[in-house]
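S.K.: Letter by letter, the chains look like this.
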Amino acid sequence: MNAHDGAGSHARFIGRDWTKVDGAAKARGEARYADDLALPRMLYGKLLRSSVAHGIIKRVDVGPALRLPGVHAVITAADFAPVRFGIMPSSQDEEPLCKERVRYVGDPVAAVAAADEETAERACNAIEVEYEPLPAIMSIDEALAETTARIQDYGDGPLPNVHKNVALEFGDLERAFSQADHVREDLFFFQGNTHLPMEQHSAVARYEPDRRITLWSSTQTPHYVHRALAKVLGMPMDRIRVIATPVGGGFGGKSDPFSHEICAVRLAQLTGRPVKITLTREEVFLAHRGRHPALMWLRTGVRRDGTITGSQIRVLLDGGAYGSYGIATTYYTGALQTTTYKIPAYKVESGRLWTNKPPCGPKRGHGTPQPRFALEAQLDKLAEDLGIDPVTLRLKNLTEPFTRTVNHLRITSNGLRECLEGVAEASEFRRKWRHLPFGQGVGIAVSSYLCGAGLPIYWNDLPHSAAQMRADRGGVTLQCGAIDIGQGSDSVLAGVAAEVLGLNPDEIKLVTADTDLTPVDLGSYSSRVTFMAGNAAFEAASKLCDFLLTAVSRHLEVSRALLVMGDHRIYDRENPECGVSFAEAVTLAEAQFGTLVTAGGYKPPALAGPFKGSGVGVSPAYSFSACVAQVSVDPGIGAVRVERIWIAHDIGRCINRTLVLGQVEGGVYMALGEVLMEEQVFRKNLHKIPSMLEYKSPTFLEMPPVETILVETHDPEGPFGAKEVGQGPLLPVIPAVANAVYDAIGVRFDEIPITPDKVIAALERKAGDRPVRVGPKQFPSFEFRAAIKVDPPDGWERPWWTPTGADAAGYAEASRAIQPPPRAPRPAAGRSEPRGRPQMR
Amino acid sequence: MLRLPAFEYLAPRTLEEAARMLAEAGAAALPVAGGTDLFPNMKRRQMEPRVLVGLRGVAEMTQLSGSAAQGWRLGAGITLARLAAHPELRQSYPAVALAAESVATPTLRNMGTVGGNLCVDTRCNYYNQSYEWRRAIGFCMKRDGDICLVAPSSPRCWAVSSCDTAPALMALGASVRLVSAREERVIALRELYRDDGIDYLALKPGEILSEIMLPPADGWRSTYRKLRRRGSFDFPILGVAVALRIGADAIVEQARVCLAAAASHPLEAVKAAEMLAGKKLQPDVIAAVANEIFRVAKPVDNSDLTLSYRKRMARVLVERALRDLAEAAASGRNGQAPGA
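First to last, the sequence lines map onto chains A and B. Quick note: numbering that gives the first Met the number 0 has the first sequence finishing at residue 840, numbered continuously throughout. Quick note: numbering that gives the first Met the number 0 has the second sequence finishing at residue 339, numbered continuously throughout.
Keep in mind the hints are simulated off the structure, nothing from the lab. Only a predicted model underlies this, so the values are computations on that prediction, with no experimental measurement involved. Accuracy of the hints is not assured; some may be wrong.
Said to hold, decoys possible - Using 30 angstroms as the maximum straight-line C-alpha spacing, the simulated DSS-like pairs for lysine-lysine come out as follows:
1) Lys310(B) - Lys687(A)
2) Lys341(A) - Lys788(A)
3) Lys310(B) - Lys765(A)
The shape of chain A in the complex, shown without the other chains (with noise of 0.2 angstroms):
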């Protein structure tokens, strides 16, 4: 693979600006969501949700809603095999319907078809169901409290609705904190939200003449839905279909398998005819799967001149009534601390609880934004105790390239330094720090992220991602099992290829997302498609670039090392006249070695430690961010303004520097809302303000100007040196922003959204110049499980491969050393430059 030279300066696409692939059907209302399908004779599915949170079904009557007209059928948990879904294998704990119990407002209970929305609709309101109710568990200190009732028949105890407990320690705490000069105590908040996406849930199932099923779903995982379905329905997985729908924005929300896709599927072989049910605004609430609310105690420790010695983090987190991701999400939330600082002593303890409230799940940066606001709101107190400025205490701490950290994360490339003094240096942060006047303020936060899951979330040794790629009739269609859910993976897919084939991204006809025509991908979920599926349709595209240079050598009696992949033009490097169109090539290709078809996949090298609960965290890349916020508050409307983000992100690479950027003000975009406005909140047991209106998220007049720095560090594993850029973003805004109101007002906001009640409440408590804060006031008594104790990897703190002058193979191998992977590391393009300049935008 040595005949293209994409990743250099010489990219036609690669780190360039370009229109993405599936922008202009977009743009037109022409792209076919899965609320747009309409088959011939089709009907409308809606579900019966429950009304109560917490309650036994002693009786469903679904006789009324059967007999109005135009009703097709009525389901409930009788019409399905006694089996529990979820998408983690250790909590399968869903019901397509509830059978004996319901947990939220929400849980579905009944389903029905019809042949239109309204009788659909009436359906539900005819269904009788009576509930003995139980006593509602609605928050952390209600589930502490509780010592009898369960909302689920399992957890980890001490306690009756505890989910998850973990306690993982690493290197010697006490050493670290008998060693610090200066040690901090805070509690923080960070309050639940969701995902709020434009589109709905929706989702279309067919029962097929030959008794196959297939489902089109507006989902980021139909790998997983898939799985979900073949063992609720009791069928082989092989007939059944999945094929995901342009995602109008997922997030997270749309990554678990869902009880309207199962139950559409259900209808639709009952009744013969195709089912939709497109989720209410309302519904999308209760579907929930959002940030997990968090109470958290956070514990560092720093010598004078500001160099971290420990920290410890003990977190409760507010589950909801499922399982979802939340067993990942217990372990996500204090995996990441110490991928941006070195840490020399790290403890984390967490715990999930159960309570009667829509499940909280993965949205982007799962887990993870809530010790990120605590661990950078408390650096920002350490910097003020200690008289140092928040960006030198940083820049003291630092993780390095190549190095690991003391929880046994592999970084590889690592660009962090830049981003946090390009962000420092952009918004003239030291000059404005605590030097504007009352009211305004800057505040700066950093951050880090995974380019994938380093592990599947069932366990299996098949590659993580795959691509197929055929070329013939003068073109190339690629195939694969990734979902653009707006961030673009299409657009990279496309772009991968076309850089390594000479092609326009617009010329590579796409296969995605259908099980019955794609090679698996696991979804579109912890940032993982660019890396994953970009190294998979990178390794598919240079597989058939070989096909068509040994071809293309031949034809002309060139020797194959003389070719180049040019534009749509395979030639001589020394006598360019001399060459084949690409669509020639093919045809010669194809001639000489038959049907051309090739394959691409993806599995991350074996990074997992040696210890239960390593499998989260790691990943093959971090991207890393840094943010600085400028705002002004009304101290007498208590209004947060944010007047403008400066944020710089190592990207590696951009594969498309247009969606790079969008991906970033998206991410600031939804930070903001978090930090400012956004809560899941509940009132007499039922979500307070379902609907969009209510549930108040920024306009585009609350948008402030972004300016992105994007620092390219081009790492050795991503395809053409990319990294992830589509949840990192969010993750310093929202404590950049707290800092940034502190700076601005001496109120600090340890707790959030940061609201204009609360700001103007703390603002008269506040007398003089004295501090306020706004925060939880105590950590509950919670008995954590004893913590497994971890021996930090070996020389951790050193790198274990320097970038200056070694080659591909001393990459391969410093990275081997460090755990040995089942293969070795397939040397990806791009390493011309290990380490990027900052690129201002």
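Since the structure of chain A is already known, use the hints to place chain B on it.
M.R.: For chain B alone, coordinates are given in the frame of chain A:
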């Protein structure tokens, strides 16, 4: 998605025809103009009229005429976007334009009418919810139930008047024409409202609000300040409209202060207005008036943010509105663009 209940839609071409249709259909009918409030409410089954009399085709309700010297006649069917953009109204009756342009979103203002906004249903976050939600929590007295969920021991409904244009028009002394098949009458706008979350309009059966009359501008300066979470979309958490006539010696000759979202009706703060009359807009006067507004604003816990915050903000908003007008008067302008 949420679906509308079935209804019959009538499309009269004249006001007379509309009034007749409304009378014939009786209690089962409602008039509808832009529908931006009514249709979402119907989807949530907050109301299920069997007949809707659509006013969009009634050309005489979209007339707009007058002058600052003679006053204006505004057809109730004028869109909020048109009202907000009218240069002469912006000049002479700034509070009205400021209020109109603060309603909802640009798209909704292109559909929504000033008459519709004056009649907008009172709001409560126990009431503006889907049928399923309301059934789960237990229906309230405003629809399908018999208690108030905000104040369970209360004999009345505390839903909030959430209309931006009413306080502005009231402060400027507007009156409205009401037309039914039987009669036509003109009443002061303040007479249109009742302090009752359910029966919040003093309309007789079959009456259509057809026109709004603004008196001559006659030296009145006005402004409207709206408090809400976001710069668009949101109903008011609180609104303050102030209209003042200020003499050459900077003394307030006449004043009107009206609040949005502080009660079940647009609240006219009569005592605050009296406190302003005969005074200069000095800081102590402004502070005293703000205290009076703080006293009369009595929000309950049924909309965005805490009620203690909303009550406190009444003081801040009226101070800001009065300062706006003091500055405007000093520089010879009329009202000022709202900051909050």
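S.K.: Does each hint fit the structure? Answer for all of them.
M.R.: These are the hints, each one checked on the structure:
1. Lys310(B) - Lys687(A): holds (21 angstroms)
2. Lys341(A) - Lys788(A): holds (18 angstroms)
3. Lys310(B) - Lys765(A): Answer holds: Lys310(B) to Lys765(A) is near 20 angstroms, not above 30 angstroms.
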